[in-house]
Amino acid sequence: MSFWRDKNGVFSLSAADNTKRLTEMLGNSSDVKERQFSFGKTQGIVLYITTLVDSILVEEHILKPLVENRSKSPEDSITVLDRTEAADFNDALDGLLTGKTLLFFEGQSACFICGTERTALRTIMEPQNEKIVRGAHDGFVENLNTNIFLLRRRVESKELVVEFMEKGKRVKKQIAIVYEKKIANPELIKELKRRMESINTEMIYSAGHIEQLIEDSSLSPFPQFLVTERPDRAAANIMEGRIAILNDGTPTVILAPTTFFAFYQSPDDYTSRMWAGSFYRLLRLLGFFIAFLLPALYIAVVAYHPEVIPGDLIVQMKGSVENIPYPPLVEALFMELTIELIREAGIRLPSPIGQTIGVVGGLVIGQSVVSAGLVSNLTVIVVALTAIAAYVVPSTEMGMSIRLIRFPVMVAASLFGFYGLVFAMMVLAIHLCKLNSLNTPYFAPFAPLRWKDLKDTVIRRSVWKQKTRPSDSMPLDKTKEDGSREWVKE
Amino acid sequence: MKEHATISKQQLFFMLLQTHVGVGILSLPYIVHKESGKDGWISILLAGILVQAGIAIIWLLSSRFPNKTLYDFAPLILGRVLGFLLNALYVVFFFIVACYTLAIFLSVSADWVFHYTPRSVFAVIVIGITVYLIKENIRIIARFSTLTSFLLAGVFLLFLFIIHDLKVRYLLPVGSAGGPAILRGSEQALFSFAGFETLLLLFPLTKASGKAKWKAAAGAGALVAILYALLAAFSYMYFSTDKLKHVPEPVLYLVRSVELGVIERVDLLFLSVWAVFAITTFMSYLYAAASGAAHLVKAENHRKAVYWLAALVLPVSLYAENSNELERISGTIGTWSSLFLFVLPVFLLVMAMMRKKREESS
Numbered sequence: 131m132s133f134w135r136d137k138n139g140v141f142s143l144s145a146a147d148n149t150k151r152l153t154e155m156l157g158n159s160s161d162v163k164e165r166q167f168s169f170g171k172t173q174g175i176v177l178y179i180t181t182l183v184d185s186i187l188v189e190e191h192i193l194k195p196l197v198e199n200r201s202k203s204p205e206d207s208i209t210v211l212d213r214t215e216a217a218d219f220n221d222a223l224d225g226l227l228t229g230k231t232l233l234f235f236e237g238q239s240a241c242f243i244c245g246t247e248r249t250a251l252r253t254i255m256e257p258q259n260e261k262i263v264r265g266a267h268d269g270f271v272e273n274l275n276t277n278i279f280l281l282r283r284r285v286e287s288k289e290l291v292v293e294f295m296e297k298g299k300r301v302k303k304q305i306a307i308v309y310e311k312k313i314a315n316p317e318l319i320k321e322l323k324r325r326m327e328s329i330n331t332e333m334i335y336s337a338g339h340i341e342q343l344i345e346d347s348s349l350s351p352f353p354q355f356l357v358t359e360r361p362d363r364a365a366a367n368i369m370e371g372r373i374a375i376l377n378d379g380t381p382t383v384i385l386a387p388t389t390f391f392a393f394y395q396s397p398d399d400y401t402s403r404m405w406a407g408s409f410y411r412l413l414r415l416l417g418f419f420i421a422f423l424l425p426a427l428y429i430a431v432v433a434y435h436p437e438v439i440p441g442d443l444i445v446q447m448k449g450s451v452e453n454i455p456y457p458p459l460v461e462a463l464f465m466e467l468t469i470e471l472i473r474e475a476g477i478r479l480p481s482p483i484g485q486t487i488g489v490v491g492g493l494v495i496g497q498s499v500v501s502a503g504l505v506s507n508l509t510v511i512v513v514a515l516t517a518i519a520a521y522v523v524p525s526t527e528m529g530m531s532i533r534l535i536r537f538p539v540m541v542a543a544s545l546f547g548f549y550g551l552v553f554a555m556m557v558l559a560i561h562l563c564k565l566n567s568l569n570t571p572y573f574a575p576f577a578p579l580r581w582k583d584l585k586d587t588v589i590r591r592s593v594w595k596q597k598t599r600p601s602d603s604m605p606l607d608k609t610k611e612d613g614s615r616e617w618v619k620e
Numbered sequence: 040m041k042e043h044a045t046i047s048k049q050q051l052f053f054m055l056l057q058t059h060v061g062v063g064i065l066s067l068p069y070i071v072h073k074e075s076g077k078d079g080w081i082s083i084l085l086a087g088i089l090v091q092a093g094i095a096i097i098w099l100l101s102s103r104f105p106n107k108t109l110y111d112f113a114p115l116i117l118g119r120v121l122g123f124l125l126n127a128l129y130v131v132f133f134f135i136v137a138c139y140t141l142a143i144f145l146s147v148s149a150d151w152v153f154h155y156t157p158r159s160v161f162a163v164i165v166i167g168i169t170v171y172l173i174k175e176n177i178r179i180i181a182r183f184s185t186l187t188s189f190l191l192a193g194v195f196l197l198f199l200f201i202i203h204d205l206k207v208r209y210l211l212p213v214g215s216a217g218g219p220a221i222l223r224g225s226e227q228a229l230f231s232f233a234g235f236e237t238l239l240l241l242f243p244l245t246k247a248s249g250k251a252k253w254k255a256a257a258g259a260g261a262l263v264a265i266l267y268a269l270l271a272a273f274s275y276m277y278f279s280t281d282k283l284k285h286v287p288e289p290v291l292y293l294v295r296s297v298e299l300g301v302i303e304r305v306d307l308l309f310l311s312v313w314a315v316f317a318i319t320t321f322m323s324y325l326y327a328a329a330s331g332a333a334h335l336v337k338a339e340n341h342r343k344a345v346y347w348l349a350a351l352v353l354p355v356s357l358y359a360e361n362s363n364e365l366e367r368i369s370g371t372i373g374t375w376s377s378l379f380l381f382v383l384p385v386f387l388l389v390m391a392m393m394r395k396k397r398e399e400s401s
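Chains as they are written, first to last, in the numbering used here: chain A, 131 to 620; chain B, 40 to 401.
Incorrect hints may have been included.
Think about it this way: if two alpha-carbon atoms lie no more than 30 Å apart in a straight line, the pair counts; the simulated DSSO-like pairs of lysine-lysine are [to be verified]:
1. A:Lys610 / B:Lys246
2. A:Lys582 / B:Lys48
3. A:Lys582 / B:Lys254
4. A:Lys288 / A:Lys595
Quick caveat, the hints were computed from the structure, so don't treat them as lab data.
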């Protein structure tokens with residue numbers, strides 16, 4: 131060892147020495163394989179990790195040309211596309227670990243790295259958790275290069291910039307930042323890189339992991355970056371001046387900065403007609419309010435302000451609620467937690483059983499809990515409606531946040547009725563006003579109010595009316611549409 | 040480092056709106072009615088005009104010191120000692136108004152909905168929410184004010200539902216109360232317009248041309264005057280003069296009669312929305328007091344002052360137990376407020392002009 135350490139970084143003239151050292155650096159792992167060959171009079175060794183390389187590539191493009199002496203110099207014989215020379219042993223080691231094949235020649239103090247990675251690819255298919263009706267149906271996969279390919283295919287522009295960085299102290303993982311350089315704000319890119327640079331973790335496990343390391347407020351219940359598995363969504367956001375963060379190993383792409391309302395937008399809104407798009411936007415926002423407010427409202431009304439209910443309804447409501455022994459909060463909490471349990475169980479179980487759980491949970495519990503007199507009919511209706519409303523959010527993260535916020539709001543309502551609701555909503559509103567996403571206001575375009583950006587927030591105006599990009603990402607170039615419908619005169 | 044967060048002219052408008060529209064909205068028609076009868080809405084409009092004068096004075100004063108708040112320029116005009124004293128007075132005034140706002144809020148809440156909840160519970164919650172917001176910089180506060188202003192539009196849509204019950208003849212003959220009575224009513228109304236004096240702090244924090252700032256402030260003042268006058272006119276057209284004498288919170292009773300079909304007792308909803316307005320007013324005043332207090336003790340930022348004042352607000356605002364006492368206190372504050380709203384700004388302006396003080400343009 132001491133001999134190598136003295137000449138750190140410099141390859142030995144003996145190919146066997148080099149491979150031996152590398153094999154030892156890899157802990158003599160059993161899948162590190164070497165194979166000797168001769169190129170004319172020169173002896174050489176290829177070193178590779180058999181579980182990582184594509185053996186056909188090694189055979190066809192490295193060994194075969196070398197053995198057949200196709201060219202004058204051994205380097206030129208190799209016909210793989212990606213071929214570099216290693217600077218030092220670490221470089222060579224990194225190459226080995228990403229599935230490259232190393233090439234040593236006897237008497238040459240050099241190491242060639244040939245790209246022979248095996249890629250076990252899942253087929254590109256529509257993400258299960260972000261389905262749409264019309265529009266593109268492809269989705270990101272677990273491979274970084276494929277994901278970038280999907281993005282580049284969509285945004286075929288010379289201004290699309292891809293920047294790679296490697297993060298992870300013990301296990302290095304590739305991360306890519308993708309942005310449109312004529313639109314994305316350089317300040318934001320700088321800020322993002324500043325945050326990424328401090329990442330000093332052992333290994334990056336997923337996109338959610340990166341998100342937690344670079345988000346503005348890690349205690350907030352709200353997700354501050356949009357994540358998506360849809361290339362069309364990512365591409366549209368890149369064209370709005372946002373920065374996409376891709377990492378190897380997860381199909382999830384992080385988009386920053388984001389506003390609260392971006393979570394309520396779906397690619398469907400843009401493919402359908404303006405009226406339908408606007409209607410479903412409004413419906414989703416209604417869903418947002420129902421999801422976090424309805425159970426609390428129910429509790430406040432039943433426990434504190436039954437006088438709010440119109441006279442015709444109050445008799446029926448009293449009949450439903452009167453014989454229930456528990457206070458409305460307990461009732462509602464019981465049902466909400468049941469629904470959450472069914473949801474969680476439904477995700478984990480294999481799909482045929484999952485349906486059974488749905489039936490057992492939904493029908494049996496719902497029916498019998500009422501007839502047992504534990505929970506009122508109304509509570510079941512309220513909770514069911516809430517559960518449905520929580521799932522109209524096109525983003526899973528936001529859906530989860532809302533379902534969590536619901537609980538403190540319910541407690542507040544059970545303590546102080548309408549006032550409790552008001553207090554809770556004020557705290558929520560203040561929090562949203564305070565919250566930033568990559569130093570840009572999260573609750574834009576409502577706080578701060580930007581009238582111009584409302585055209586694509588609560589409603590969706592016709593695409594040709596959306597002449598400017600939303601300003602929350604502070605784009606360099608604001609115009610996105612100019613006179614598409616000023617048709618050339620006949 | 041001093042914070043340099045600025046707000047836009049729209050944010051100035053909304054912040055002023057939220058400071059203006061506060062606890063007074065519920066009983067203003069009643070208070071004015073006591074003096075000027077069914078012509079109270081004229082009194083309110085007159086008070087609104089006076090407020091425009093007040094805004095103009097503060098604007099003139101501020102435009103001499105475009106980057107300095109009251110706390111910065113008062114010592115420049117009056118000298119260090121007197122300026123300090125004046126600033127301290129303003130801090131106390133802002134603080135007292137904040138306490139008063141909270142006390143009214145607690146009292147109305149106790150009378151209308153929560154008879155049994157101890158006042159201190161709501162006081163602690165409101166103060167908690169306030170601190171959560173106002174420890175941030177002015178820009179965040181302005182964002183929140185803008186957001187809550189949407190509620191104001193909703194509230195006034197409510198009144199569309201009672202239009203068919205209004206009887207214009209209750210207002211006739213216009214002006215029958217006579218000039219002096221109407222003027223006395225204006226005097227009573229004036230305190231409900233308190234809020235524009237925060238411009239002493241807000242103008243320099245606004246990033247806009249001088250004229251735009253004035254337009255935003257005057258616009259907010261005018262809008263509030265019109266809304267208040269409408270509210271009073273609605274109350275007078277709904278209740279006759281005789282009935283109104285027995286209704287100290289006419290606006291709540293007015294809303295109570297709104298029939299939406301889907302829900303009843305709209306007043307309860309209205310009260311919840313009103314809670315937001317009351318709390319935002321409280322926030323503005325406490326922020327004004329805290330930033331002043333921080334300035335007096337030369338603190339780096341206002342955060343610590345917020346905590347101290349928040350702790351102080353609690354006992355002071357719980358001091359007034361019942362509504363009669365509050366009404367008495369309100370009278371006292373009302374009298375004193377004209378000093379802070381008009382007299383002192385005029386005095387400062389005159390002094391600044393005489394001593395030819397203005398900010399050196401660097």
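How the hints compare with the structure:
At most 30 Å may separate the alpha-carbon atoms for a hinted pair to count; Lys610 of chain A and Lys246 of chain B meet this at roughly 28 Å. The straight-line distance between the Cα atoms of Lys582 of chain A and Lys48 of chain B is roughly 16 Å, inside the 30 Å bound, and the hint therefore holds. With a C-alpha separation of about 21 Å, the suggested pairing of Lys582 of chain A with Lys254 of chain B holds against the 30 Å cut-off. For the hint pairing Lys288 of chain A with Lys595 of chain A, the CA-to-CA distance comes to about 27 Å; that is within 30 Å, so the pair holds.
Taken one by one, the earlier hints all hold for this structure without exception.
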